[in-house]
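Number of protein chains: 2
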Amino acid sequence: MKSQKGNDLRPFFEPSAVAVIGSLAEPFGLGYGVIKNMLLFGFAGNVYPINPSYSETLGLKAYPTVNVVAEPIDLAIVITPPSTVPSIVEQCSQKGIKAVIVISEGFGEASKDGARLQQQLVDISRRTGIRIIGPNTVGLINTANNLVINPYLIDYGSIRKGSVAYCSQTGIIGAQCQALEDKAYPIGKLCDLGNKCDVNEVDILNYFADDAETKVIALHLEDVKDGRKFLEAARRAIASKPVLILKPGKSEPAARAAASHTSSLTGSDYIYESAFKQVGVIRVNTWQEFWEIPKVFVCQPLPRGNRVAIITHSGGAGVVAADMAIEAGLEIATFTANTTDKLRRRHPGLASNPVDLGPASSLSTDPLSLEDALINTALNDTNVDCAAIALYGGSMTPMAFIVEMFDRLMHSVAKPVAIWIYGTKSNMMAELSHKLESIGLPTYSELDTAVKALGAAAYYSKIRSGLDHSNLK
Amino acid sequence: MKSQKGNDLRPFFEPSAVAVIGSLAEPFGLGYGVIKNMLLFGFAGNVYPINPSYSETLGLKAYPTVNVVAEPIDLAIVITPPSTVPSIVEQCSQKGIKAVIVISEGFGEASKDGARLQQQLVDISRRTGIRIIGPNTVGLINTANNLVINPYLIDYGSIRKGSVAYCSQTGIIGAQCQALEDKAYPIGKLCDLGNKCDVNEVDILNYFADDAETKVIALHLEDVKDGRKFLEAARRAIASKPVLILKPGKSEPAARAAASHTSSLTGSDYIYESAFKQVGVIRVNTWQEFWEIPKVFVCQPLPRGNRVAIITHSGGAGVVAADMAIEAGLEIATFTANTTDKLRRRHPGLASNPVDLGPASSLSTDPLSLEDALINTALNDTNVDCAAIALYGGSMTPMAFIVEMFDRLMHSVAKPVAIWIYGTKSNMMAELSHKLESIGLPTYSELDTAVKALGAAAYYSKIRSGLDHSNLK
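Line by line, the protein sequences are chains D and G.
Residues in the first sequence are numbered from 1 upward in steps of one, following my numbering.
Residues in the second sequence are numbered from 1 upward in steps of one, following my numbering.
Among the hints, erroneous ones may be present.
Heads up, the list lumps identical chains together, so a pair's fine if it works in one copy or across two of them.
Said to hold, decoys possible - Heads up, simulated BS3-like pairs for lysine-lysine below, C-alpha to C-alpha not over 30 Å straight-line:
1. 462 / 112
2. 161 / 425
3. 183 / 241
4. 250 / 277
5. 425 / 215
6. 112 / 342
7. 435 / 61
Hints in this document: simulated from the structure, not taken from any laboratory.
Bound conformation, chain D alone:
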């Protein structure tokens, strides 16, 4: 049956009408929380609270069961005690609902009884064709239609719309745990798969691969249920968009911990590592890399090679960046004689890469024009494929000039740039970051993440260009 359903997860992310089945008690009932968040973020579809003890909540008419709702429903959110979930999902299926998100905990991750209940969900899905995300998930996000499904009250009200699709096996990626408004990651979709009783990493990867709104895929995986299918899906996805994976369990204790909290089996990291390399997965190692490295793929072109120009106002930072670049698989670009000549005429210290603008700037009567000219010269060098640039954010930062300069630069040079922002004032650094990201430039608060992002871009570019055919067999 399942194969006939195809892989259409659209009802989860693009429902017209959503039923929410759970406690409507204020303020901490989890059904109430789901509805409150949907309204807070401005979901425009129909929402049906389902609870026999209520006639309304948050201005919405409540219904005792899904069956009594006259209109069609695409998606149901279930947050009821585990023992009640199978029959509720059954009812959803009878109502013609195509997709259910089971937020409730207490299934395979908790006990043998829970595992039996989870198996019942698997059986219902196989028999009826209803698709299930969860159980033991915090929900999902689709910024395109302002859909934020999460049972915990969220204390901010907007998320930047973007084109990165994130997916995880832990609730910590959810809207209730992340400063998504403040950090402004360019999120398109986001999903916590929980126990993966039905929808798993292969399904979501196939869905994101085919989703026209998704440009980059970032997965946090603790296990892979079917390695062959996953690699097939990854290979297919990577042919059209980059796939980043945070896969812990490199160490034995981590692998054991993963097995215990999601009741899943994990395999030797060596196997994962070689399989990932074989298909061109970009592996990341920290939460910061998981969240931030995708940004470089959102609005920047892919580099044609791995030769990086490093441009700073600090020789010391340039040297540190050079080490990071080598470790990230980049090569420090050797400028052409033409560039060297141009730069040297400006200031003898500028001729080599990394470029330290500091000394030349401090002697210049017009440091902004100088900076503009130098960055343009370096980026236009035919030996340069991409650039890591350090920018200062403080009260003295000429923000309008910088934004205008990069806007012009990006329209004239098709090479990716990653910006490291440092400075004296957190709010100014945030403002500069916001302004640059709004014109499509990825910014980073750590130098190493900026450099690693370019390394990831160069790696993916090589994979895509098929230069390294041996890796794609």
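Place chain G on chain D using the hints.
Relative to chain D, chain G alone:
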């Protein structure tokens, strides 16, 4: 002569009277900037502007030369054209000034002429005994006496007082480039050594080693002029306080770049790496590690071993942390039967390390007391030497409770804790961080930095306890 001077750098950091020799033009004259910053941060000593074209600046009487100042002066700051610097330093020496910071650029790092001028400074220092920091430095900080020497206008006015001594060969660590107020690193002293014509890494290391106010030393080094002396100084310092080093140049391009911007020679990284290991240096790799890892040593006890408890509200984050811990040289603690039993009675999922408080919390009627009990049980386990704890910062965070709990915990358990703060609101995360740091708990905005800090603490503890005698020979 130099050996007779001993290694007393106190006039640099604890001057009673400071002369500032340079442009007093408002607002960007660099001498004016130095004075403005000294007043801004509240330096209480005497300040003498020196410039023949001015009679006063910023309410202070100006003098044409240092000679005409009647009172004694300890420290001179020189920011004049390079060719004028040697004679000015000579005058300072005649006036009886013991220490000079030469901020001016254009010496060894810039040209052969500059190198000749720099050699004149070396000669003057050798002949007269006057000590020189620089040239090509942005200055230094001593938070104990509110001394901030920096020529660039700084757009904040206070720096947290602490006990970490930072030293670098680049201006990017300076107050004009870092959000020291917002980030609140616990700075005691900070110094940019610049071209190291006289005071070098050995001098500063010896000074910090003997400085009673310094508990932790963090050095950014691009080169070491005398390896034997440096290792001797490092070994001596490490016997009483941890020494962290950010030493780039692992890759050949980085080493070459370092050589070009400070005109210093760098050696093979392999040699540094083994020398550092031999004496017990903690090597760090990023600016974030350089700034933040020292925090764990400031108010926390050293761990007795490397067995870490990882406590989160997210199984997924716990697994990621376990990998990071292994990589940082920690061992995932195996709880005693007694702890396992206690935790299991609270919730079956809690019995193993990493501890995921999530499922137990969500079932509890009093999750705060539960959390308190669980953290205490885990920290009191005799198999646990230290703990990495993830805390959520958002509008719903019970800050007062958390602060009280950790304050109590730290008075009853002498084991170091590093906190990773994540959450939904940047300002709430900053507030929680501030409150916890004010009671002596180190907080981190990245999970890996928190875990690496504990790894550094366990490594230093092992070095100090002499368990690994082979490393200390």
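- request: Please work out whether the CA atoms of residue 183 and residue 241 approach to 30 Å or closer within one copy, between two copies, in both situations, or in neither?
  value: within (23 Å within a copy, 37 Å between copies)
- prompt: Is it within a copy, between copies, both, or neither that the alpha carbon of residue 250 lies no farther than 30 Å from that of residue 277?
  reply: both (15 Å within a copy, 25 Å between copies)
- request: Indicate which option fits the pair residue 161, residue 425 if close means a Cα-Cα distance not exceeding 30 Å: within, between, both or neither.
  value: So residue 161 and residue 425 pass the 30 Å test inside a copy (26 Å) and across (18 Å) alike.
- prompt: For residue 462 vs residue 112, is the C-alpha pair at or below 30 Å within one copy, between two copies, both, or neither?
  reply: Neither: 47 Å inside a chain and 43 Å across chains, both beyond 30 Å.
- prompt: Is it within, between, both, or neither for residue 112 and residue 342, if the alpha carbons may be no more than 30 Å apart?
  reply: Classified as between: cross-chain Cα gap 21 Å, same-chain 72 Å, threshold 30 Å.
- request: Classify it for me, residue 425 with residue 215: is the Cα-Cα distance of at most 30 Å met within a copy, between copies, both or neither?
  value: between (33 Å within a copy, 27 Å between copies)
- prompt: Checking residue 435 and residue 61: alpha-carbon separation at most 30 Å within a copy, between copies, both or neither?
  reply: Neither. Shortest intra-copy (42 Å) and inter-copy (44 Å) distances fail the 30 Å Cα cut-off.
Against the hints set out earlier in the document, violations occur for numbers 1, 7.
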